[in-house]
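2 protein chains.
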Amino acid sequence: MDNRPLILVSNDDSIYAKGVKELISRLVKFGDVVAVCPDAPRSGQSMAITVNDPLRITPMPDFEGAKMYKTSGTPVDCIKLAMHHILKRRPDLVVAGINHGSNASVNELYSGTMGATFEGCAFGIPSIGFSLTSHDPDADFTQCFRAVDTIVEKVLRGGLPEGICLNVNIPDIGHTPAGMRICTPCHGHWDDEYKAYTDPAGHTFYLLSGEFINDEPDNELTDEWCLAHGIISIVPTSVNRSVLIPKSLAWLYSLPSDYKL
Amino acid sequence: MDNRPLILVSNDDSIYAKGVKELISRLVKFGDVVAVCPDAPRSGQSMAITVNDPLRITPMPDFEGAKMYKTSGTPVDCIKLAMHHILKRRPDLVVAGINHGSNASVNELYSGTMGATFEGCAFGIPSIGFSLTSHDPDADFTQCFRAVDTIVEKVLRGGLPEGICLNVNIPDIGHTPAGMRICTPCHGHWDDEYKAYTDPAGHTFYLLSGEFINDEPDNELTDEWCLAHGIISIVPTSVNRSVLIPKSLAWLYSLPSDYKL
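Chains as they are written, first to last, in numbering that gives the first Met the number 0: chain R, 0 to 260; chain C, 0 to 260.
Calculated from the structure, these hints are not laboratory results.
All figures in this text were calculated on a predicted structure; none of them were measured in a lab.
Careful: at least some of the hints might be erroneous.
Said to hold, decoys possible - Computed list of lysine-lysine pairs in BS3-like fashion (alpha-carbon distance at most 27 Å, straight line):
hint : chain 1 : residue 1 : chain 2 : residue 2
1    : R       : Lys20     : R       : Lys66
2    : R       : Lys28     : R       : Lys69
3    : C       : Lys153    : C       : Lys194
4    : R       : Lys66     : C       : Lys194
5    : C       : Lys194    : R       : Lys69
6    : R       : Lys87     : C       : Lys194
7    : R       : Lys17     : R       : Lys28
8    : C       : Lys66     : C       : Lys17
9    : C       : Lys17     : C       : Lys28
10   : R       : Lys20     : R       : Lys69
11   : R       : Lys194    : C       : Lys69
12   : R       : Lys87     : R       : Lys28
13   : C       : Lys153    : C       : Lys20
14   : C       : Lys87     : R       : Lys194
15   : C       : Lys153    : C       : Lys66
16   : C       : Lys66     : R       : Lys194
Unchecked claim - What the simulated footprint calls covered on chain R by chain C, stretch by stretch (three residues with Cβ under 8 Å from a Cβ of chain C suffice, anywhere in the stretch; the number is not a length):
hint : region
17   : 53–61
18   : 182–192
19   : 204–213
Think of the CB as a built atom: it goes at the ideal place given N, C-alpha and C, for glycine as much as any other residue.
Taking the hints into account, I'd like the entire structure generated from these sequences.
What follows is the structure, given as structure tokens:
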């Protein structure tokens, strides 16, 4: 068995989510699968880590031949705990998801599923995040299977460049999408992000809410355009966000190099 | 007063941290300052948002002329709540910090202070994160003042390119550093990230720990090299992590565009 690829799975919807189980059911064909997922939903956790609280790892019953663990941490904690304390060898692939809900456009920034994907990438392991654009707990993930099979098979064979992972979003259209396309993340933003309420004592509190606004709905190069047209979007994404210095930042070079307070 | 620049301040060490107060004491010279910070430390929160729990905003006494608020949310929540429910006009600048501890190299990924900086950047506002390489709650932030003054003045005057913010780290050397340099983030990683303990019932738990390993200690272009040599590091960083498609990903283009499950 040790010659089979080792695939580490995580998500942010918890070990109990349908999306991760459907994902595992596909991945066991490709290798030995170990899933390390949060013990409860951790949506919106981005790349958060648990700094001061104790973390616990609980083994769960095997699922379709995969080893299953839940942890009390974030998705990034799950990857780190797997790498340092659960896995006996270095994984060949990290796969996160299948997320219940889109991680296209700016959603990628906040997604715990993409956080786990970035963490796998930071370890230097080829990493893929899959999301279906449906928040339904009982969503039909069979729409994703062909994309999962195709991309996982290609990444296991061909790898990914160091430091680059894939953010794959699959449109919830009731059947397997007709194609996939490499995209850029759509420029967009959330409007009215918090709804205000008044508690019984007369104090205001806020709950996350809002509506996603696509700032470039006609741009065929974007993930949102593809998803709106029934096409799977693949955004190659870097864990290193630093940029070459644009000329417009030239003033930074003119800073004094030997100043005193 | 309305003609003065409006500066939104946040951090992840909480409204009570010395670092943010020292930062505010410098910024009030440059404009009207509104600080919206977590009500308790939120280190390691990256770009996490609070998805299902109620958020509260509590006004605090003014500090050196700055308006002060604390929230029950993450650093990103603080920026979002400020933009949607606290500020009366769009800020000209977002400044986060001064963080107690380095956010150089991979630390940027997990930092709540950089999370707030990225969120300001996602709103299209010039944004800067400042960090001092000392975790001492009573650290000497006067070492940072010349860098804060110089960079804030230049960004207020010259702006930053859309979607690019600055990750500024200042070495804790007991006096004002002799210079600053534009850098790339050092390739590095954390070793032994979790220490295992046994609780009274005999169960294992883990606490975040570890040691940062610099994988390229001799690279003069990196932030860690600068900091080790008493130089302030400035890493221009993009909120959009998508990358141009490397040729090595060409297999993605050959995916079938009309397959069926």
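Results of checking the hints against the structure:
1. As the CA atoms of Lys20 (chain R) and Lys66 (chain R) are separated by approximately 12 Å, the hinted pair is consistent with the 27 Å bound.
2. With a CA separation close to 22 Å, the supplied pair Lys28 (chain R) and Lys69 (chain R) stays within the 27 Å bound.
3. As the CA atoms of Lys153 (chain C) and Lys194 (chain C) are separated by approximately 43 Å, the hinted pair breaks the 27 Å bound.
4. Restraint check: the Cα-Cα separation between Lys66 (chain R) and Lys194 (chain C) comes to about 23 Å, which is no more than 27 Å; the hinted pair holds.
5. Distance restraint check for Lys194 (chain C) and Lys69 (chain R): the Cα-Cα separation of roughly 18 Å lies within the 27 Å cut-off, and the hinted pair is therefore satisfied.
6. Restraint check for Lys87 (chain R) and Lys194 (chain C): satisfied, since their Cα atoms lie roughly 17 Å apart, inside the 27 Å limit.
7. For a cut-off of 27 Å, the pair hint linking Lys17 (chain R) to Lys28 (chain R) stands: about 18 Å separates their Cα positions.
8. Distance restraint check for Lys66 (chain C) and Lys17 (chain C): the Cα-Cα separation of roughly 16 Å lies within the 27 Å cut-off, and the hinted pair is therefore satisfied.
9. Taking the CA atoms of Lys17 (chain C) and Lys28 (chain C), the gap is about 18 Å. The hint holds against a cut of 27 Å.
10. At most 27 Å may separate the alpha-carbon atoms for a hinted pair to count; Lys20 (chain R) and Lys69 (chain R) meet this at roughly 13 Å.
11. Proximity of Lys194 (chain R) to Lys69 (chain C) is assessed by CA-CA distance (about 18 Å); at most 27 Å being required, the pair is judged to hold.
12. Among the hinted pairs, Lys87 (chain R) with Lys28 (chain R) is consistent with the structure: their alpha-carbon atoms are about 20 Å apart, no more than 27 Å.
13. Distance check on the hinted pair: Lys153 (chain C) and Lys20 (chain C) sit about 21 Å apart at the alpha-carbon level, within 27 Å; holds.
14. Straight-line distance between C-alpha atoms of Lys87 (chain C) and Lys194 (chain R) comes to about 17 Å, which keeps the hinted pair within the 27 Å bound.
15. Taken as a hint, the Lys153 (chain C) and Lys66 (chain C) pair is honoured in the structure, with Cα atoms around 24 Å apart against an allowance of 27 Å.
16. Taking the CA atoms of Lys66 (chain C) and Lys194 (chain R), the gap is about 23 Å. The hint holds against a cut of 27 Å.
17. Using a Cβ-Cβ cut-off of 8 Å, 4 residues of the region 53–61 of chain R lie near chain C, which meets the minimum of three, so the contact claim holds.
18. Here the region 182–192 of chain R counts 5 residues with a CB under 8 Å from a CB of chain C, which clears the bar of 3, and the coverage holds.
19. Here the region 204–213 of chain R counts 4 residues with a CB under 8 Å from a CB of chain C, which clears the bar of 3, and the coverage holds.
In this structure, only the earlier hint numbered 3 is contradicted, and the remaining ones agree with it.
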